[in-house]
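Using the sequences plus the hints, can you model the full thing?
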Amino acid sequence: ERMTTLNYLLLLPLLAAIALVFVPRNYRVVMRLAALVATFVTMLLAVKMFWQFNGATADANGYKFVCTIPWLGAESLGIACKLGVDGLNVGLILMGAIVAFAAACCSWEIQAREKEFYILLLVMTGGILGAFASLDLFFFYFFHELALVPTFLMIGVWGRGERKNYATFQITLYLSIGALIALVGLIALYLQSGANTFDIPTLTEHIRKNPLSANAQHFIFPLLLFGFGILVSLWPFHTWAPLGYGAAPTATAMLHAGVLKKFGLYGLIRIALPLLPQAAQSWLHVVAFLCLGNILYCGLVAMRQRDLNLLIGNSSVAHMGFAFLGIASLNLIGITGAVVVMIAHGFLAALTFGLSGYLYRHAGTLTLDQFGGLLRRLPFVGAALVMAMLAGCGLPGFANFIGEALVLFGAWKSFSLPTMLAAWGGLIIGAVYMLRAIRSLLHGPLPQKWDHLPDASNLWRKLPFVLLLGALLFFGLLPGSLTEKIKPSAEAMLALANGPTAKEDQMVLAPVRSPLLRPEVIKSAVETQR
Numbered sequence: 001e002r003m004t005t006l007n008y009l010l011l012l013p014l015l016a017a018i019a020l021v022f023v024p025r026n027y028r029v030v031m032r033l034a035a036l037v038a039t040f041v042t043m044l045l046a047v048k049m050f051w052q053f054n055g056a057t058a059d060a061n062g063y064k065f066v067c068t069i070p071w072l073g074a075e076s077l078g079i080a081c082k083l084g085v086d087g088l089n090v091g092l093i094l095m096g097a098i099v100a101f102a103a104a105c106c107s108w109e110i111q112a113r114e115k116e117f118y119i120l121l122l123v124m125t126g127g128i129l130g131a132f133a134s135l136d137l138f139f140f141y142f143f144h145e146l147a148l149v150p151t152f153l154m155i156g157v158w159g160r161g162e163r164k165n166y167a168t169f170q171i172t173l174y175l176s177i178g179a180l181i182a183l184v185g186l187i188a189l190y191l192q193s194g195a196n197t198f199d200i201p202t203l204t205e206h207i208r209k210n211p212l213s214a215n216a217q218h219f220i221f222p223l224l225l226f227g228f229g230i231l232v233s234l235w236p237f238h239t240w241a242p243l244g245y246g247a248a249p250t251a252t253a254m255l256h257a258g259v260l261k262k263f264g265l266y267g268l269i270r271i272a273l274p275l276l277p278q279a280a281q282s283w284l285h286v287v288a289f290l291c292l293g294n295i296l297y298c299g300l301v302a303m304r305q306r307d308l309n310l311l312i313g314n315s316s317v318a319h320m321g322f323a324f325l326g327i328a329s330l331n332l333i334g335i336t337g338a339v340v341v342m343i344a345h346g347f348l349a350a351l352t353f354g355l356s357g358y359l360y361r362h363a364g365t366l367t368l369d370q371f372g373g374l375l376r377r378l379p380f381v382g383a384a385l386v387m388a389m390l391a392g393c394g395l396p397g398f399a400n401f402i403g404e405a406l407v408l409f410g411a412w413k414s415f416s417l418p419t420m421l422a423a424w425g426g427l428i429i430g431a432v433y434m435l436r437a438i439r440s441l442l443h444g445p446l447p448q449k450w451d452h453l454p455d456a457s458n459l460w461r462k463l464p465f466v467l468l469l470g471a472l473l474f475f476g477l478l479p480g481s482l483t484e485k486i487k488p489s490a491e492a493m494l495a496l497a498n499g500p501t502a503k504e505d506q507m508v509l510a511p512v513r514s515p516l517l518r519p520e521v522i523k524s525a526v527e528t529q530r
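Reading the sequence shown from the start, the letters are residues 1 to 530 in this note's numbering.
No wet-lab data here; the hints were simulated from the structure. Note that the structure is a prediction, hence the values are computed from the model and not measured. Any given hint might turn out to be false.
As the list claims (entries may be wrong) - Mimicking PhoX-like on lysine-lysine, the simulated pairs with C-alpha atoms at most 25 angstroms apart in a straight line are: (1) 115 to 164; (2) 48 to 462; (3) 462 to 449.
Said to hold, decoys possible - Using C-beta positions, here's what the derived DEER-type ranges look like: (4) 383 to 361: 10 to 20 angstroms; (5) 460 to 306: 23 to 33 angstroms; (6) 191 to 281: 16 to 26 angstroms; (7) 165 to 281: 38 to 48 angstroms; (8) 165 to 215: 42 to 52 angstroms; (9) 448 to 474: 32 to 42 angstroms.
No residue lacks a Cβ here, since even glycine has one placed at the ideal position from N, Cα and C.
Set out below in structure tokens:
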């Protein structure tokens with residue numbers, strides 16, 4: 001079958017990883033260069049694909065760049081490595097490719113066993129992109145596991161801190177259990193559907209014509225919800241995330257917290273909601289209740305942290321609550337907001353963990369009480385930290401604001417006033433701990449022991465942070481470039497999840513081209529909600 005951009009985008013990191021196997025260990029420059037070139041070209045291909053994507057020219061199922069890797073799969077079992085993009089995953093693939101290149105740029109801190117590290121980094125990148133691009137249930141799960149296993153190895157071998165081994169054990173245990181529960185749900189879905197195929201578009205069409213029984217849906221949906229939920233750190237199954245990210249190498253934390261963790265949310269939107277609509281609607285209030293645990297409890301825990309990585313890790317878990325809240329709203333504006341939150345948080349998590357890794361590399365600690373006045377000594381890194389933490393507060397102009405605003409408008413329609421007040425309270429909590437961290441790190445007197453700290457003085461050290469900040473600002477200032485791609489696919493998914501009344505319940509998203517949602521859009525949304 002004809003090769004498309006998607007084939008090259010997926011295969012390039014994996015082929016580069018295979019090539020590195022044959023590179024001698026003392027060729028350190030070659031290994032770094034191979035990882036940088038492979039991820040850079042992958043990023044360019046993702047940008048090209050995102051730019052060219054137009055839902056109006058998609059196939060009958062709404063996908064573009066559809067292709068199959070013929071030598072992977074078992075057609076006799078209904079398994080084929082089929083790839084494709086629509087509005088739900090094109091932005092996620094772009095975000096994953098950009099974060100992968102930024103992570104490769106931040107891997108300069110690795111000084112031991114570099115060959116193995118870069119091989120695992122490239123395998124993780126290929127697995128992440130494959131998981132989001134796969135249109136086959138088997139490879140959807142397979143590529144996720146291909147990306148997940150390197151995470152465990154990288155934390156165990158190159159991790160840091162006294163609790164590295166405990167963090168490795170905990171993240172391995174939690175994520176293995178979550179992946180196993182999700183696998184049981186996917187196998188049950190395949191068996192109960194009777195479609196005899198793992199092809200997601202074919203399976204979706206078959207279930208649309210032959211819906212699963214209520215009993216089957218109520219058995220499968222909780223498996224997918226809690227299996228995927230553990231992978232996303234849904235409260236109260238979230239404790240692995242802050243410790244794991246705190247112990248992980250910088251590049252690993254950037255890739256996992258930024259990109260791979262979105263796999264569970266994507267799985268719920270792509271598979272659980274449209275294929276199990278009856279069960280989904282009965283479980284949505286449970287999801288809303290649990291996600292408030294992310295937003296409020298994890299936000300309060302983040303407020304208590306005195307270690308920067310633990311603060312960022314708990315903040316990351318809290319932000320996932322907004323994505324779950326958008327999914328639970330089950331309307332167009334909420335689902336669109338959830339996808340925007342996933343993409344925006346991917347850039348933000350990678351940026352904050354990249355900056356904290358820079359500080360740890362040069363200072364040897366991330367204890368907030370030991371810092372102060374760093375903005376004077378590190379003008380570039382300090383300014384990037386300020387911008388990252390303000391983005392984490394949901395400041396207008398950054399993509400996070402757009403995603404959270406859309407989620408809150410979507411939730412306003414679906415949930416009660418106490419739920420909305422709790423979500424707004426989470427935003428206030430987030431602003432408190434982010435602003436306190438800015439004060440502790442960057443303002444006040446500069447301790448004499450940090451007089452030696454070097455700023456990111458050359459372009460190479462600045463590049464990953466500039467790239468991630470640029471992406472946050474681009475989608476924050478021009479959110480229509482993202483929301484207009486998401487909208488058609490979200491509508492199609494909601495038509496399955498809500499049934500024939502979906503069109504009546506959906507809110508129309510007008511193109512947005514300013515850092516703030518346009519006033520007329522907000523007014524229309526408010527009137528519609530009323």
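Notebook entry, point to check: Which of the numbered hints are not met once you compare them with the structure shown?
Noted result: The structure breaks none of the hints.
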